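Chains as they are written, first to last, in the numbering used here: chain X, 1 to 328; chain R, 1 to 328; chain H, 1 to 328; chain C, 1 to 328.
Please note that the accuracy of each hint is not assured.
Just so you know, same-sequence chains aren't split out, so a pair can sit in one copy or run between any two.
As the list claims (entries may be wrong) - Quick list of in silico lysine-lysine cross-link-like pairs, DSS-like style, CA-CA up to 27 Å:
id : residue 1 : residue 2
1  : 161       : 92
2  : 327       : 141
3  : 49        : 24
4  : 92        : 45
5  : 141       : 45
6  : 109       : 92
Keep in mind that the hints were calculated from the coordinates and are not lab data.
Computed from a prediction, not measured in an experiment: that's the story for all the values here.
Protein chains: 4
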Amino acid sequence: MFNIALFGAGRIGQVHAANIANHKETCLYSVIDPNPESAESLARKYQTKVQAIEQAISDPEVHGVLIASATDTHADLIELAAKHHKKIFCEKPVHLDIERVHHCLETVKQYQVPLFIGFNRRYDPQFRRLKTLFDTGTIGKAESLLITSRDPSPPSAEYVKVSGGMFRDMTIHDFDMARFIIGEEPCSIYAQGSNLVDPAIGQAGDIDTAFIIMKFPSGAMAAITNSRRSGYGYDQRIELHGEKGLLSAGNIKENSVELWENTGCLAARPEHFFLQRYREAYIAEWDHFVNVMADRATPECSGFDGEQALYLADKALESLHSGKEIKL
Amino acid sequence: MFNIALFGAGRIGQVHAANIANHKETCLYSVIDPNPESAESLARKYQTKVQAIEQAISDPEVHGVLIASATDTHADLIELAAKHHKKIFCEKPVHLDIERVHHCLETVKQYQVPLFIGFNRRYDPQFRRLKTLFDTGTIGKAESLLITSRDPSPPSAEYVKVSGGMFRDMTIHDFDMARFIIGEEPCSIYAQGSNLVDPAIGQAGDIDTAFIIMKFPSGAMAAITNSRRSGYGYDQRIELHGEKGLLSAGNIKENSVELWENTGCLAARPEHFFLQRYREAYIAEWDHFVNVMADRATPECSGFDGEQALYLADKALESLHSGKEIKL
Amino acid sequence: MFNIALFGAGRIGQVHAANIANHKETCLYSVIDPNPESAESLARKYQTKVQAIEQAISDPEVHGVLIASATDTHADLIELAAKHHKKIFCEKPVHLDIERVHHCLETVKQYQVPLFIGFNRRYDPQFRRLKTLFDTGTIGKAESLLITSRDPSPPSAEYVKVSGGMFRDMTIHDFDMARFIIGEEPCSIYAQGSNLVDPAIGQAGDIDTAFIIMKFPSGAMAAITNSRRSGYGYDQRIELHGEKGLLSAGNIKENSVELWENTGCLAARPEHFFLQRYREAYIAEWDHFVNVMADRATPECSGFDGEQALYLADKALESLHSGKEIKL
Amino acid sequence: MFNIALFGAGRIGQVHAANIANHKETCLYSVIDPNPESAESLARKYQTKVQAIEQAISDPEVHGVLIASATDTHADLIELAAKHHKKIFCEKPVHLDIERVHHCLETVKQYQVPLFIGFNRRYDPQFRRLKTLFDTGTIGKAESLLITSRDPSPPSAEYVKVSGGMFRDMTIHDFDMARFIIGEEPCSIYAQGSNLVDPAIGQAGDIDTAFIIMKFPSGAMAAITNSRRSGYGYDQRIELHGEKGLLSAGNIKENSVELWENTGCLAARPEHFFLQRYREAYIAEWDHFVNVMADRATPECSGFDGEQALYLADKALESLHSGKEIKL
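Chain X with its partners taken away, still in its complex shape:
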């Protein structure tokens, strides 16, 4: 049984708290959050305790940490945990500044602790199945990858201001997915974007609609299309075209009920947002991290993966601002 200290009692922290508590090999040992009420409320729910950062990080009973706190605390917490030889699960991103990420990963390397970055979509059963079928040669070599990722509705302008921008906040998942599926590092990137959904996002210096094209050394190409608003739920689809055909992973609908009437056949929307769509992915990634803690596996999604995805986000931004394809 591994005791886990959970940093962050917000929305995503609550998802992880449930998965930690439900896993037969892990126990929610403590909750750490700058907001005492949030921390205590979550701790109470799982009949566990609240700790301060230093207390948790130096507690010899703590085997692993799950960092789901504010983005700007990730790198510091990772380093602190590494120095205390805790095994680390950290939500993406490590940091919004790639230099800081690089320095942080050096520290992790020095202390030789496993670090898993929570790119949850790699554990979505649909995308995982697509990847497995591709890896077993079902469609031959990869040629074209199309990633559709659209949120149901835009975040607040306040969130946008501290998010690091659309590429580092939202598209970063898709950059990781493209690397994961194709299994190569891209050699060029081009990004185009618009502010169409909410003028406040534009005023905050960001875009809300983005198209990206990447090319890989094998000649395969990937297109990512993003929007901060779909109008119909969370749109998460992948198409991978290969020599012999297409593998596609479609949306999961809210239910299987259809209404057929004079105006047409009405089916359910895609599941609303990431808490619904990626519920199983969060459970599966936690199970993987338990295997890492138990030395049955090494992190499938490492600090390097986190750094590379951020690097692509930075380069996409450079392309957007320069109007040029960037060689990588």
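Add chains R, H and C to chain X, keeping to what the hints say.
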């Protein structure tokens, strides 16, 4: 080039007129209809002539007749055509009275002319493909056949009164389809029905909603579900369950456009009615009859098939009235 | 927190054990099973104890019992639990003999304890949604109900022999579903069946393929089609046709990945069997029973519902054997 | 009745011949082709005559010309026809060299004859319906347009060599579609491409897999993904995301039959290629041109549209070669 005399210039006669004219081996030679205006209008459209019954039937230039006139004229016209050695395509049914059908088929037999009964659905590309896949062993032996047949909206009470009743008018197609797919004659039949759609249909002594179960000597069973009104277009589906799996033939939608919005994903309705859904079937059955006229084939759908489907309709009615399963 | 004694540590007992343990208002207090190893294994998993029947039933700490033991023990256990004023959740059926059911329900009535019968499908989110949309008038009055229920593969002949026959064992769920959806008691029933899947089932005196038609006082009709083997997973679909259109609840596929290649577009099978398909239904029905225990609800699915479904199964068998429609 | 001289008796000429002959207001007057056998075979089929270019173009009986000959003859024939005041339907492209196109259109303007360019996909009922629903405000303002266009299998290297390259030959349809749907001229374009399908295509200096991003003045963006080979038929899909939701036009499947078995649910492929998928589009565009000839309409798809699509193809090529986004 075969010259065809067309009896009946109504809705279904017009469908056949186009197919006769468009077929490279047939020519619409003349149109016969008790309503002179209808006959002339159709003849004018195809730059051909109007004839009287006797004139057409005895015209040595006429190679084949297509009987799409009122139901109660079919048997007389078949006999007349047989006596003049014309090849005969007749819309279903031969007659609403099975004794009359039997007598008519005797006459046809005597004059040794080919008679094709237009059970158009056998030529629907979807159902034909299902049948072909079944015949080639795709799902092994047949176990359960489910036929769904629902009209978009009910006919007038006037039509109902002369229709011979729901089983002889509408379900007859499904009886033929069940025989066609399974390839056996059923050994029992049970029918249940209701008047739910339009009280006027009930007042005319008929039902508008029907469920039928038939059993075949091999143990396979068929269920037919009918309604005079779907509310969403023409619902024409078949499911055939066999030892190894299921073959299903779904509806054809009006188009492939979908609208995804907050209330759900809206797709198109099924095609509206038989003129749309079975357009290709009418063309294909005519092509088969041309092969019959050219001695390249014998009628796949014969007078016997017409008689058997009517027999099942009669027995379904007997079951409905008696509340008993009828042994055949 | 309600303490629950679980009778039966088999496949379905294990499903309930997890749901009891995971529910925030219930606790798995003890496990009772004639096989000591099964009982101990399950108790160990949830860190709880094993009890004997009498011990559990008379334990004042036990608030509710969940009966998931062998079918022939249900009625006895219900009566025992009622006499000790325990609240009762019992898997279907109460008993295979309707007289015994009737007597058992009398006892329950006498002791005034709530009894919930686990017709799990009523809690399937798909069917529940269909029912809710129907109840809110989406399609107007019900006209035709089509229930498709096919198991992935047949049970052993040993199971068949003690199952009470296909109607009491399998179709009973569909009888309940028809009553639940339509909201009326049927007034006639007709059943037809075959032994097509496995000769051993026929030798055990049972059928493995069944078609049933029921008529309701409003004129609405229901057709149930069953098979002990689909060849493609668990086929659980409902179509409800009303005045204004159709509500359909389709299968849930194992995943959303498709492979498009030269031979066609391959999608996933329906989920394999009831453990997968009705996972959420088992959770939801348990949540309902917790509401019953907490006096926030009365059993939506009562002993009477269990009795009526069995009555329809008995009458279906009478119809099958007599070849007649049975008036109810 | 308009008499039509058809230039080109090849694959696409034969499609048009049938549509000309079947239209109630047009008559296939003559066929012109450098290959006498092809010309005569087609003329014989429609019981019409063969003409030489000059003969047809100066024949006072000819009301309109349909140019479906080799690409490099289009501009010359258009000019010749314009000078003889014939109404002109020309297959895309006018010419592969944009200067030549420009000069040709000047001539057409001078002689004031209507010129329709056959971008057939604008007349596909699916895409047309999507466009209509968008124009009527169904999803609000356009934000993202995704065009998928994949051929079933690659052309020969010989064809590739004279095709003008993938952008001018294949993507040109998608450039036109993007302009048609969005209703604006793009202000920037970026193209990326690979040679993955057939090395011979690369040796001929061309690509076979392409991704293009365009931005429009309103901020809307379009992504086009192309391949010379899908492995599963002709993949022709459009997604248009707007403020309120998504309009998508999916593929048309070869049939509606599905096979459900243990390995999954197999549905039909998309229709094989343009002759099948765009059969109705060819008929509809011809009907539009008949309206143009009868002065009931002006060309919806003009020489200017042909020029603009070619311009975008040229700029895409410039982007591909320079690795830069091109401002338009």
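Sort out which numbered hints this structure fails and list those numbers smallest first. 5
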